[in-house]
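**Student:** Here the protein sequences line up with chains W, A, C and H, keeping their order. Take the position in the first sequence, starting the count at 1, then add 105; the result is the number in this note's numbering. Take the position in the second sequence, starting the count at 1, then add 105; the result is the number in this note's numbering. Take the position in the third sequence, starting the count at 1, then add 105; the result is the number in this note's numbering. Take the position in the fourth sequence, starting the count at 1, then add 105; the result is the number in this note's numbering.
Honestly, the hints are just simulated from the structure, not real lab data. It cannot be assumed that every hint is accurate.
Below, simulated PhoX-like cross-link-like pairs (lysine-lysine); rule was C-alpha separation at most 25 Å, straight line [claimed, not checked]:
hint : chain 1 : residue 1 : chain 2 : residue 2
1    : C       : LYS317    : H       : LYS293
2    : A       : LYS317    : W       : LYS289
3    : C       : LYS317    : H       : LYS152
4    : W       : LYS312    : A       : LYS227
5    : W       : LYS317    : A       : LYS293
6    : C       : LYS317    : H       : LYS262
7    : H       : LYS317    : C       : LYS289
8    : W       : LYS152    : A       : LYS317
9    : C       : LYS385    : H       : LYS317
10   : H       : LYS168    : C       : LYS293
11   : A       : LYS289    : W       : LYS385
12   : W       : LYS253    : W       : LYS196
13   : H       : LYS312    : C       : LYS312
14   : A       : LYS289    : W       : LYS317
15   : A       : LYS152    : A       : LYS317
16   : C       : LYS317    : H       : LYS385
17   : C       : LYS312    : H       : LYS317
18   : A       : LYS385    : W       : LYS317
19   : H       : LYS262    : H       : LYS204
20   : A       : LYS152    : A       : LYS197
21   : A       : LYS177    : W       : LYS385
22   : C       : LYS312    : H       : LYS168
23   : C       : LYS152    : H       : LYS152
24   : W       : LYS293    : A       : LYS385
25   : A       : LYS196    : W       : LYS312
26   : A       : LYS317    : W       : LYS312
27   : H       : LYS168    : C       : LYS317
28   : H       : LYS197    : H       : LYS168
29   : C       : LYS385    : H       : LYS168
30   : W       : LYS152    : A       : LYS312
31   : W       : LYS317    : A       : LYS317
32   : W       : LYS317    : A       : LYS196
33   : C       : LYS152    : H       : LYS385
34   : W       : LYS317    : A       : LYS227
35   : C       : LYS317    : H       : LYS197
4 protein chains.
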Amino acid sequence: MNQNIARLLVTCADQAGIVQAVSGFLYHHGANIISLDQHTTEAYGGKYFMRVEFHVEYLADKKQTLLDTFAKNVADKYQMSWRLSCSFDVKKMGILVSKEDHALLELLWRYSRGALPCQITKVVSNHEDLRADVESFGIPFVHIPVGKDNKDEVCDKIDEVMQGNDLLVLARYMQILTPSFVDKWESKVINIHHSFLPAFVGANPYKQAFDKGVKLIGATAHYVTSELDEGPIIEQDVERVSHAFDVAELRELGRDIEREVLSRAVRWYLEDRIILDGNKTVVFD
Amino acid sequence: MNQNIARLLVTCADQAGIVQAVSGFLYHHGANIISLDQHTTEAYGGKYFMRVEFHVEYLADKKQTLLDTFAKNVADKYQMSWRLSCSFDVKKMGILVSKEDHALLELLWRYSRGALPCQITKVVSNHEDLRADVESFGIPFVHIPVGKDNKDEVCDKIDEVMQGNDLLVLARYMQILTPSFVDKWESKVINIHHSFLPAFVGANPYKQAFDKGVKLIGATAHYVTSELDEGPIIEQDVERVSHAFDVAELRELGRDIEREVLSRAVRWYLEDRIILDGNKTVVFD
Amino acid sequence: MNQNIARLLVTCADQAGIVQAVSGFLYHHGANIISLDQHTTEAYGGKYFMRVEFHVEYLADKKQTLLDTFAKNVADKYQMSWRLSCSFDVKKMGILVSKEDHALLELLWRYSRGALPCQITKVVSNHEDLRADVESFGIPFVHIPVGKDNKDEVCDKIDEVMQGNDLLVLARYMQILTPSFVDKWESKVINIHHSFLPAFVGANPYKQAFDKGVKLIGATAHYVTSELDEGPIIEQDVERVSHAFDVAELRELGRDIEREVLSRAVRWYLEDRIILDGNKTVVFD
Amino acid sequence: MNQNIARLLVTCADQAGIVQAVSGFLYHHGANIISLDQHTTEAYGGKYFMRVEFHVEYLADKKQTLLDTFAKNVADKYQMSWRLSCSFDVKKMGILVSKEDHALLELLWRYSRGALPCQITKVVSNHEDLRADVESFGIPFVHIPVGKDNKDEVCDKIDEVMQGNDLLVLARYMQILTPSFVDKWESKVINIHHSFLPAFVGANPYKQAFDKGVKLIGATAHYVTSELDEGPIIEQDVERVSHAFDVAELRELGRDIEREVLSRAVRWYLEDRIILDGNKTVVFD
């Protein structure tokens with residue numbers, strides 16, 4: 106991975122001159138723009154979103170200058186909320202899982218072949234089942250059991266264990282997180298839901314899909330908010346099914362969709378491709 | 106179209122010997138099985154569904170004998186509900202539409218090139234807009250205006266105009282049909298809904314999809330029942346979208362999905378590929 | 106359609122400062138960038154491609170100034186090949202067709218509902234079959250019969266009839282165009298080929314696909330060059346098939362793919378989304 | 106896995122009475138038909154293919170009787186080539202691999218969760234790289250190095266090591282097998298090819314796809330014959346790509362397609378869903 110790649114993510118009110126201001130700033134600092142994506146929510150007067158990926162020699166040395174100068178010369182003027190992400194600052198990621206291994210193993214396999222630009226620091230589970238799988242990748246496994254009345258305690262423990270991570274991924278973690286935990290980790294927790302949301306919220310979506318007789322089943326990767334299954338959607342996909350599928354077969358096929366959808370969402374997060382727009386996402390893929 | 110093709114559709118309790126009984130019956134009457142599909146809802150003790158397509162010389166002459174003998178020798182024994190459909194009995198189809206032409210024109214175009222094995226008898230609309238389009242295909246167009254308080258009257262009129270049809274297709278007919286009409290035409294009315302049901306029931310699904318920020322939009326062809334948007338699903342499909350699509354663009358892309366999904370559902374109906382299983386469908390495609 | 110939208114397409118050697126130069130130029134002329142896409146063929150030292158869509162008040166009045174100033178102040182400096190396309194200059198499009206109507210009708214239907222931003226000026230065919238269909242859309246139909254030895258004459262006639270068009274679309278025109286015609290209309294003729302090129306070049310691709318037993322069939326929209334079926338690919342798609350499809354069914358399903366693929370390619374051309382890169386295309390969709 | 110499930114696969118000339126004969130035979134032996142699929146290559150006088158899956162109590166005890174009686178009473182009469190496969194006879198599968206792990210690991214993972222009904226007996230590789238991965242699944246790993254001039258010797262060794270297997274899977278085994286080996290293992294070796302065959306036969310298909318500028322890339326699972334890349338196709342799939350993908354990215358995306366396509370083909374083989382029809386396959390999925 107080239108150490109001199111940076112990404113600038115910008116949100117502000119739509120107005121003339123933004124591209125010129127940002128590209129001028131980058132040119133002035135010797136940067137070469139690799140890609141530039143933008144999105145406006147309305148033809149006039151909407152919100153503006155931008156992602157610029159650029160290359161600049163000696164990025165590590167220049168980072169602080171870039172941050173300071175951009176804030177002063179560009180961001181303040183256009184009242185931007187923004188962040189700069191540098192390839193040498195490898196993101197840290199923790200994973201939570203219960204007993205099902207498919208989403209976890211897909212992430213670990215992609216990670217081990219270098220396809221997820223991050224460091225996976227820890228896997229937490231409320232069961233011991235997947236310890237050997239996780240440890241075989243050289244990643245610490247932490248068992249935090251969940252009882253009837255210890256949700257707060259469990260979430261405090263997870264919060265403590267996961268300190269320092271940029272992202273938490275719920276790879277089929279079948280426990281509800283407390284509102285205070287979710288608030289603390291706002292916009293930093295991605296979940297994979299085993300349905301095409303907003304259809305089939307709640308428990309056992311494959312059973313719901315079977316009962317309804319849908320002809321496609323899906324999965325949704327979304328940010329976790331305090332409203333269950335209602336956080337901003339990052340990615341979704343579906344596969345065709347027929348009357349011949351029983352619930353177990355829907356679930357088995359669904360696992361393949363979950364693996365792919367979650368992998369894409371996590372990769373996009375790590376590549377700084379996602380910007381929040383209220384309860385929706387802008388994904389520059 | 107070969108005039109000597111028939112299709113037998115069977116529903117009964119699952120039990121041993123059904124295939125043997127049906128294929129023996131057909132063999133005895135000189136028929137050649139072209140395809141045979143079956144489905145059981147449980148490993149044991151469930152419901153059984155079968156579709157057999159067969160060829161037999163002089164079908165028109167033999168039809169009554171086949172009906173009588175099958176009823177007596179096979180259907181009664183296995184307590185089947187069943188029907189026999191012959192290729193020379195061309196199905197009659199009526200279409201209802203409002204102002205949007207895309208779903209209607211797709212059906213008319215496929216019909217005109219022989220890809221829908223039926224006779225389209227009439228198109229009814231609550232607006233005059235599409236008269237010329239319909240009449241250019243040589244199909245009668247009937248304008249039945251809808252007012253504030255004449256739903257019953259309108260539905261009586263439609264019922265009268267559509268007498269003799271085997272199937273009614275709502276190709277974006279934006280009026281609600283009365284329960285008594287729906288009961289009369291039970292399992293004979295197919296609607297195209299512009300969302301991936303059960304997500305986004307009700308009005309303006311593309312606006313709902315936009316507000317929710319989904320990454321796929323879809324369409325659903327379903328039988329019409331008295332519960333709005335809740336009838337048995339026949340076919341569904343989706344296309345990928347992004348944050349960059351506004352509501353108008355979602356709607357435009359959605360139209361393409363609607364055209365395809367409705368066409369497939371109608372063709373399957375005409376080819377006797379759909380059997381009802383409570384609030385679900387078995388589709389032997 | 107907003108009359109004040111323009112698109113600038115640029116190709117040059119990759120080098121620092123291009124975005125800054127172009128966006129600075131646009132800002133200076135009061136333009137608001139709607140979207141900006143770029144592509145480089147190599148990390149360093151490759152080719153650079155850019156598409157910028159922008160809005161500017163009084164575009165018609167400013168067009169000549171924009172052209173002159175951009176040439177002098179930007180394009181020369183960076184040795185760009187480039188073009189500016191304005192929304193008020195509606196593109197003119199001619200269609201060539203033989204007997205099959207599916208690709209033609211799809212284009213005419215989309216055109217009639219405003220989904221193809223162009224003026225369709227003429228449809229030329231070597232058969233009379235589709236005259237009524239074309240004329241019902243109010244578009245002139247020209248019959249240019251093809252004989253055994255009059256290819257040159259036919260192409261001269263087509264060239265004459267089609268003068269003034271920006272784009273010619275071969276919507277299943279089953280005649281070979283002469284090299285001199287193709288040269289004259291270089292990068293201005295789009296063909297729909299009924300296979301997933303480069304598989305199944307040449308005659309009867311559905312028969313070839315059937316014989317080979319492929320599990321997907323496809324269609325390809327490409328620019329026409331003097332090498333048959335070898336021009337730059339613009340768009341492709343496929344559908345799943347099985348052993349149960351005979352050649353006629355492959356052809357029927359294939360028609361649906363052809364309709365979609367050609368429609369997309371034509372729309373992208375009209376929206377100035379395609380730039381040639383040797384024998385390949387850059388498509389900013 | 107239910108031990109009393111059997112599958113009967115039949116190929117013969119199309120003729121009246123086959124379904125009746127087979128279903129009558131099964132009924133007489135107390136079997137319950139779970140599914141029945143058939144295919145004929147022509148409306149009349151073609152080849153006929155059938156797959157029947159059935160349940161019968163005490164299958165192990167009855168197997169020899171079923172084989173003998175079916176041969177005498179049905180197969181001889183209709184001149185069928187056929188085979189009976191019983192769920193208690195677990196198929197044995199060997200895998201060959203070189204250095205790339207993606208196709209292998211996908212198979213091993215699915216195997217470990219019970220989604221591939223077989224016993225994986227051995228993995229053979231011409232490199233040592235994947236030994237630890239394979240052995241962690243408890244499967245013997247055999248290293249058979251390949252030199253310049255020892256192809257015959259290598260294939261003899263593989264043949265010896267793999268004795269007793271019903272299926273060999275080339276999960277990115279990058280060596281050519283000798284014609285005599287291929288003959289010996291006819292219809293028992295499945296390969297995954299990293300292109301949408303018949304496009305891009307031969308070396309480095311992703312480079313070929315890149316150079317050609319295709320908009321979709323694919324993968325093909327096929328039987329291995331002595332003609333390289335020309336064996337009967339079992340399964341294919343594609344994904345959409347754009348000008349923005351370089352060769353490495355095409356390869357990375359291609360790996361995901363290869364994993365899925367090969368998994369499906371292997372599962373279908375193990376479930377007796379594939380029948381050869383000359384150089385094509387009938388797949389009853």
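**Student:** Each hint: holds or not?
**Tutor:** Going through the hints against the structure:
Simply put, LYS317(C) and LYS293(H) have alpha-carbon atoms about 20 Å apart, close enough for the 25 Å limit, and the pair holds. Annotation: proposed proximity of LYS317(A) to LYS289(W) holds, straight-line Cα distance about 24 Å (limit 25 Å). Distance hint between LYS317(C) and LYS152(H) is fulfilled; the C-alpha atoms sit about 17 Å from each other, no more than 25 Å. Proximity of LYS312(W) to LYS227(A) is assessed by CA-CA distance (about 41 Å); at most 25 Å being required, the pair is judged violated.
A hinted pair counts as satisfied when its Cα atoms are at most 25 Å apart, and LYS317(W) with LYS293(A) qualifies at roughly 20 Å. The straight-line distance between the Cα atoms of LYS317(C) and LYS262(H) is roughly 33 Å, outside the 25 Å bound, and the hint therefore fails. Simply put, LYS317(H) and LYS289(C) have alpha-carbon atoms about 24 Å apart, close enough for the 25 Å limit, and the pair holds. With a CA separation close to 17 Å, the supplied pair LYS152(W) and LYS317(A) stays within the 25 Å bound.
Taken as a hint, the LYS385(C) and LYS317(H) pair is honoured in the structure, with Cα atoms around 7 Å apart against an allowance of 25 Å. Under the criterion of a C-alpha separation no larger than 25 Å, the hint pairing LYS168(H) with LYS293(C) is inconsistent with the structure, at around 68 Å. Simply put, LYS289(A) and LYS385(W) have alpha-carbon atoms about 44 Å apart, too far for the 25 Å limit, and the pair is violated. Using a Cα cut-off of 25 Å, the hinted pair LYS253(W) and LYS196(W) is violated, with the two alpha carbons roughly 34 Å apart.
Annotation: proposed proximity of LYS312(H) to LYS312(C) is violated, straight-line Cα distance about 28 Å (limit 25 Å). For a cut-off of 25 Å, the pair hint linking LYS289(A) to LYS317(W) stands: about 24 Å separates their Cα positions. For the hint linking LYS152(A) to LYS317(A), the alpha-carbon distance of about 39 Å lies beyond 25 Å, and the restraint is violated. Taking the CA atoms of LYS317(C) and LYS385(H), the gap is near 7 Å; set against the 25 Å cutoff, the hint holds.
Between LYS312(C) and LYS317(H) the alpha-carbon distance is near 24 Å, which keeps this suggested pair within the 25 Å criterion. Proposed proximity of LYS385(A) and LYS317(W) is supported: the alpha carbons are some 7 Å apart, at most 25 Å. Using a Cα cut-off of 25 Å, the hinted pair LYS262(H) and LYS204(H) holds, with the two alpha carbons roughly 19 Å apart. As the CA atoms of LYS152(A) and LYS197(A) are separated by approximately 30 Å, the hinted pair breaks the 25 Å bound.
Of the supplied pair hints, the one linking LYS177(A) and LYS385(W) is violated, its CA atoms being roughly 62 Å apart against a limit of 25 Å. Between LYS312(C) and LYS168(H) the alpha-carbon distance is near 42 Å, which puts this suggested pair outside the 25 Å criterion. For the hint pairing LYS152(C) with LYS152(H), the CA-to-CA distance comes to about 55 Å; that exceeds 25 Å, so the pair is violated. Between LYS293(W) and LYS385(A), the direct Cα distance comes to roughly 40 Å. Violation of the 25 Å bound is thereby established for this hinted pair.
Between the alpha carbons of LYS196(A) and LYS312(W) the distance comes to roughly 36 Å, so the proposed pair goes past 25 Å and is violated. Taken as a hint, the LYS317(A) and LYS312(W) pair is honoured in the structure, with Cα atoms around 24 Å apart against an allowance of 25 Å. The hinted pair formed by LYS168(H) and LYS317(C) fails the criterion: a straight-line CA distance of about 37 Å is larger than 25 Å. Proximity of LYS197(H) to LYS168(H) is assessed by CA-CA distance (about 19 Å); at most 25 Å being required, the pair is judged to hold.
For the given pair, LYS385(C) sits about 59 Å from LYS168(H) by alpha-carbon distance, which is inconsistent with the 25 Å threshold. Distance hint between LYS152(W) and LYS312(A) is fulfilled; the C-alpha atoms sit about 18 Å from each other, no more than 25 Å. Distance restraint check for LYS317(W) and LYS317(A): the Cα-Cα separation of roughly 22 Å lies within the 25 Å cut-off, and the hinted pair is therefore satisfied. Between LYS317(W) and LYS196(A) the alpha-carbon distance is near 29 Å, which puts this suggested pair outside the 25 Å criterion.
Between LYS152(C) and LYS385(H) the CA atoms are separated by roughly 43 Å; this puts the pair beyond 25 Å, and the hint is violated. For the suggested pair LYS317(W) and LYS227(A), the alpha carbons sit about 32 Å apart, so the restraint of at most 25 Å is broken. For a cut-off of 25 Å, the pair hint linking LYS317(C) to LYS197(H) is broken: about 29 Å separates their Cα positions.
Violated hints for the displayed structure, listed by number in ascending order: 4, 6, 10, 11, 12, 13, 15, 20, 21, 22, 23, 24, 25, 27, 29, 32, 33, 34, 35.
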